[in-house]
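> If you read the protein sequences in the order shown, they are chains A and B.
Take the first sequence: its letter number 7 is residue 443 in my numbering, and every next letter is one higher.
Take the second sequence: its letter number 59 is residue 632 in my numbering, and every next letter is one higher.
Since the hints were made in silico from the structure, they are not lab data.
Among the hints, erroneous ones may be present.
To be verified - Derived EDC-like pairs (lysine to aspartate or glutamate); straight-line CA-CA distance at most 16 Å:
{"no.": "1", "chain 1": "A", "residue 1": "K476", "chain 2": "B", "residue 2": "E583"}
{"no.": "2", "chain 1": "A", "residue 1": "K507", "chain 2": "A", "residue 2": "D466"}
{"no.": "3", "chain 1": "A", "residue 1": "K477", "chain 2": "B", "residue 2": "E583"}
Below are the chains, spelled out letter by letter.
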Amino acid sequence: DTAVSQTPKYLVTQMGNDKSIKCEQNLGHDTMYWYKQDSKKFLKIMFSYNNKELIINETVPNRFSPKSPDKAHLNLHINSLELGDSAVYFCASSPRGSGVLEQYFGPGTRLTVT
Amino acid sequence: AQTVTQSQPEMSVQEAETVTLSCTYDTSENNYYLFWYKQPPSRQMILVIRQEAYKQQNATENRFSVNFQKAAKSFSLKISDSQLGDTAMYFCAFMPPNTGNQFYFGTGTSLTVIP
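Bound conformation, chain A alone (with noise of 0.2 Å):
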């Protein structure tokens, strides 16, 4: 069973659409992220949520927004695409308030804006 799972595995769109990725978890944890890696392999965070709420906003482009419905779920919708947004984004999710904190990833989903 797939622990952390992401759709599409690829999205290409042109510039200017609006796309969404899902992300599932079904690890029972309580907070998800969502992390953008650059060409050059930088990982970073983009958003977590605990629990449906929000609790980590970096600096990101308000044309992203995470959608939560519930915990096991935190899909990224992204609007008016650009180039630069092209990225492997990846979904993870961790537990909370027990010994065990790494962070468990999707397999990503590559973008590509042209």
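For chain A, the structure is supplied; the task is to place chain B on it using the hints.
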């Protein structure tokens, strides 16, 4: 600000040899967590090893071990008996306390194991 530095963008090692990847971090915190993640060409991020700052003993996981020097703020990863499947990007990550489990990643080291 929390920063994580991996000063070796690329490294290579002969199969069966040992290699050490370096990581330093900057923090004023006393209790925190450190991790090494591996990202093979498949792109999946895989946890390799973790270390709690309050533990003096260095963490080990099979062929992977760390050299944690708290005073020097250094957290290097040693891979023994390198295997071809170890070829990957390796990321050091720092997690300070009370930040909602926020990770700060280094820029990564690309390791190639040569047959």
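> Give a verdict on every hint.
Hints, one by one, checked against the model:
no., hint, in the structure
1, K476/A - E583/B, "holds (12 Å)"
2, K507/A - D466/A, "holds (6 Å)"
3, K477/A - E583/B, "holds (12 Å)"
Of the numbered hints given earlier, the model fails none.
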